[in-house]
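Novice: Residue numbers (the numbering used here): 1264 to 1452.
Hints are computed from structural coordinates only; laboratory data are not their basis. One should not assume that every hint holds.
[Unchecked claim] Computed beta-carbon distance windows for the label pairs:
no., residue 1, residue 2, range
1, A1394, E1265, 12 to 22 Å
2, V1332, A1394, 33 to 43 Å
3, P1315, E1358, 30 to 40 Å
4, R1445, L1356, 15 to 25 Å
5, E1300, P1335, 40 to 50 Å
6, E1418, E1358, 31 to 41 Å
Since we're looking at a predicted model, the values are computed, not measured. In this text, a Cβ means the ideal position worked out from N, Cα and C, and glycines have one as well.
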Amino acid sequence: AEDAARVLDEAGVPRAHVVGTSLGGMIAQELAHARPERIDHLVLACTTPGGPEAHPMPEQTIELLQKAVLLPEDEALRAFVVNALEPDPRPELVERILEHRRANRQDPLAWAAQAAAAMSFDRYEDASSLAIPTLVQHGEGDVVVDPRNADLLVELISDARLELYAGCGHLFFWQEPQRFVRELEEFLL
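Please model the complete structure; the sequences and the hints are all you need to start from.
Specialist: Structure follows, in structure tokens:
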């Protein structure tokens, strides 16, 4: 979160709209707590407030994380993409995302570190102190971050509203990009 604040400082941006997806949504929450004066609007997509009160990572994804270390890298990447698109992993979309991910490779150890950070994240008790207009977005079929966490965020953050994506998973913004952008524009502009 402090890295994000330093980027704003270096760019000479006193306040910004902050959009965070998944682990990025957790980082966005950290920034919102540490530097609320820097955020105009907050968008939390496919993320969680964390903590013991939050809904844990679904078992399907935990099992995949455990199996993935034994798979060849490309096979593991495909399995992660398909899992993140559940319940609708359309083959053409899987291939588009794989092409993008192959062009922007991430160290497999970074995936594991990201999962560990997500599972230990806890801002549940602090979420109710956020006084920033917040849009919470989530795919109803997300098997990476339980969609019920979106409901928790909306219950906890006083100025939050929820947009759910029926038939979409963790990567709902790949599955419904036009709607995602439209909602961002309506909320942020």
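Novice: Just pull the numbers of the violated hints for me, sorted ascending.
Specialist: none
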